[in-house]
Amino acid sequence: MEPLMRALGTGLPPAFQSWFTGRGWTPHPHQLALIEAAAAGDSALLIAPTGGGKTLAGFLPSLIALAAAPADGLHTLYVSPLKALAVDIQRNLQAPIDELGLPVTVETRTGDTPAARRARQRRRPPHMLMTTPESLALMLSYPDAEAMFRRLSAVIVDELHALAGTKRGDLLALGLARLARLAPGSRRVGLSATVAHPDALARWIGAGTGRVRQVGGGGAMAADVSILIPPDRLPWAGHMAVHAMPAVYRAIATAGTTIVFVNTRAQAEIVFQELWRLNDDNLAIALHHGSLAVEQRRRVEAAMAAGRLRAVVATSSLDLGIDWAAVDLVIQVGAPKGASRLVQRVGRSNHRLDRPSRAILVPANRFEVLECQAALDAVAAGTLDGQPPRPGGLDVLAQHVLGTACAAPFHPDALFAEVAATQPYADLPRAAFDDVVRFVENGGYALGGYEQWRRLEPAGDGRLQLVHPSIARRYRMNVGTIVEATTLKVRVGRGRALGEVEEYFALGLTPGDTFLFAGQMLRFERIREMAVEASRGGGDQPKIPAYAGGRMPLTTHLADRVRAMLACPASWDALPAPVHEWLDLQRGRSVLPGPDDLLVETFPRGRLHYLVAYCFEGRNAHQTLGMLLTRRMERAGLKPLGFVATDYVVGTWSLEPVADPAPLFDEDMLGDDLEEWMAESTLLKRTFRNVAVIAGLIERRHPGQEKTGRQVTFNADLIYDVLRRHEPDHVLLRATRADAAEGLTDVRRLGQMLARARGRILHRPLVRISPLAVPVLLEIGREGVEGARDALLEELAASLVAEMETGPDHPHPPD
Amino acid sequence: MVAAPVELNGAPLLLDPSGAVFWRQHGLLAVADLHLEKGSSFARRGTLLPPYDTQATLDELGRLVRRWQPRMVVCLGDSFHDTGGPGRLGAADRGRLAALVRGRDWIWVVGNHDPQIPADVGGRAVAELTLGPLTFRHEARSDAKGEVSGHYHPKASVATSARRISGRCFVTDGQRMVLPALGAFTGGLDVLDPAIAGLMRRRFIAFLLGRDRLFAFPRDQLLRAAA
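Same order as they appear, the protein sequences are chains W and A.
Under the numbering used here, the first residue of the first sequence is numbered 1, with each subsequent residue one higher.
Under the numbering used here, the first residue of the second sequence is numbered 1001, with each subsequent residue one higher.
Hints are computed from structural coordinates only; laboratory data are not their basis.
Beta carbons are placed, not taken as given, at the ideal position from N, Cα and C, and that holds for glycine.
Do not rely on the hints blindly, as some may be mistaken.
To be verified - Chain A residues, not near chain W, derived (Cβ > 12 Å throughout):
#1 1083
#2 1093
#3 1135
#4 1142
Claimed, not checked - To be clear about the criterion: a stretch of chain W counts as covered by chain A if any three or more of its residues have a C-beta under 8 Å from a C-beta of chain A, and this derived list gives those stretches:
#5 450–461
#6 686–700
Unchecked claim - Here are the in silico distance ranges between beta carbons for each label pair:
#7 W:725 with A:1112: 23 to 31 Å
#8 W:118 with A:1045: 23 to 31 Å
#9 W:279 with A:1203: 25 to 33 Å
#10 A:1203 with W:231: 35 to 43 Å
#11 W:299 with A:1174: 54 to 62 Å
#12 W:413 with A:1063: 41 to 49 Å
#13 A:1174 with W:279: 55 to 63 Å
#14 W:295 with A:1094: 31 to 39 Å
#15 W:87 with A:1203: 40 to 48 Å
#16 A:1143 with W:511: 53 to 61 Å
#17 W:676 with A:1174: 49 to 57 Å
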């Protein structure tokens, strides 16, 4: 260690200095700061915009140390959320290593690495290993993990902002805690985009090590962001922004290379299709989203890197990863949903730090104009979305506990100390930890029937050990926290797969249906052997594959800005004229709520009575609120028929009018009503399925057999029902509720909103629909009403009876 | 609870929305595919599913027995998930089952999962049972008439105005009937799968189980089920 410290202490060694000079570069201050931190043995968090040699900054101290004192064994571990990034970084790092003639070996290790090389890497690791959180967990589960990691000196975590606060991040945090135990004194480096909570991120990366230095990478130039409003038309509703595509196409045609970001894969398909419809100049425009086949995505990325594309239409699949210096315009179609995400997307354009990034926002409807303006203001003010870090998942902890036992017997006290030293589990009560250990041991059921089938047993010295090595084999086949929806491959004829669609969508197709996928119009033929077979070509009404979980809700931060904007007419001058007029009209016909008010409008329309609440809490929270409101209306005899939830509002319709909405919004709806609804909700079942798979209750893969996702789905639902009835407080149900409260049901945010609205509900009974409510009504019919299963079956059965009684359709008239 | 009357090979039956058949003439209650001790069967191999499935299934069976007061109960096979199942019954569940079996003619039709039923669980085990126009067996035969069976765990799926709904169902073409599985952890097979649809005549009906009634849909109204 000593000579390394000395080597680092002198700053950049001459050989490195001349390497920089030879390339015409000067080391960035943040690169030097990381060398200083490493010299002092400190961990570091580097927050910098993309570009600017962030990754090199992470590796420089290790390269310098290894140049000064060549050593055997694994010296530096690099963890990235993307396999492709690991491969890419390895390639980039090879350049300085070759040019400086350093005695440093670099390899990647991901799920794609051949088994023989993985085994060799455990015996004789390279100096630097590029990997993913899942592969790290896997390496840590082998009995030889200690030998492999003993000499580790540094861990670099890339794209930390994308990992912290997720289940993959929880798994990584636990893995890092293990590494700290195996290699005491190793330091960490976190590389992150700009975030709202740098202190929390610094705690995350530094947890369990010595000091953490926060290093700033210098701000990027202020971005040049504008909103595109075509002069002729601004839609009231819809999310596809088809109206704006001619203008988007013109922007692409006048820029060098453009990334067109969209929010969902369905949007990606439509936007791609529309752009090609307009593409008279035959510009090279490509498509990139997470459901396309990997090879297809790699081809697009390679073409992009080689500068052969004019534009690529992409989802969040391009949010992370490879830097393309050549991108000079970013177009965001649809509202950005969050300021942080927008900043990161905008940062993808022009990685040269000496020029501002250029970006255009394309709102798809009027509410999205407000949201885009709010995001623009946020970017200008430099404010970001801040979610305080959430506690780590108990399901991930269960996986880690079993993984730890796979490597060696463990003592629960020691493991608890290790786990509690991480940032996500810092507040974990010992009792919850013990419940998780019991779950791993024997299922942890109150009805202790499984003693004879336990997975862990006492080793005699207070430690717990695996009862059989086969458990470790099964653990290793199922490691990770990414639970995929069941998907089917899409092929044209029996050819190569274009990508995958969700089973649910595929089963809704009948032969002859046309659908849009991978930028092509396809005609559905049949499903065979877990694949959709299709032919090219099709009709005029293509379906768009729907994907679960593709949409991200409006962040609290942007919601606050939108509310503030509505409350302040002076700010409307920044808005396009149609939107300004729309808000003026609203002020005349109804009212605009103050920043802390909850405006609730009620009005009749046709034979129905509508209620629209302008909560601005994101679609997940609104969906939950819609369910709870309609339940209450049902009990109050108001005969609700349905509801609609958008990112901005929730609307209900009923046969009877709501005279006083205040009691409907009482906070106590989060008690029994919520419990009751959650129990039945498919959202909870879906969440439970993920939790059960991550925790290892249900295995994705068995030795000798791969379970299809289909089997996992039905098993999990039935298990959920039984467990909920017989042991509602089981640790996996607690994990499920915690997940749902943050995610799909967003109960946490709903609770904050109801508390804020107490006594501040602004009820406006109107004789007719208000201007602000028009877009809401246009959404109606797009959202299904969950819950009323039997009512829907009855309606369908009754309609069939009616059909039978009225006889068959009239015979065709003669031509 | 509203039971649905149907006629099978001339015999009037009542279909219970929980997934059982009652034949009033004989005081006979038939259920299929209980798969008792499925949870512990998985636990044996290291998948520690909740140990409450047997209790949940027997509770359901208990409700059916109280509702119909049958003189005769016919379990249509796969009553235990495996041959070791009866031996793994916990004391409480063993007591629950004994209380149900006591005082009535309890018939275990054997299935592929439970080719033998030990005598100590009570009742009598048979390969199949014929009573008047009906034969009760585990797995349907292609040439049978007037047959009541289980084995396939039928499920069906329909498109309602709001969304697709799928669930357990009875399926019948008037000549034969396949019962849904009653077991708490049992999944299902779509009735449009050739394994089931191939047994039926062209026009068959699926009775989807609702909370307290059944919903009948003709074959043409059914979709392939998702998951």
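Legend entry - Structure versus earlier hints, numbers of those that do not hold, lowest first: 2, 9, 10, 14, 15, 16, 17
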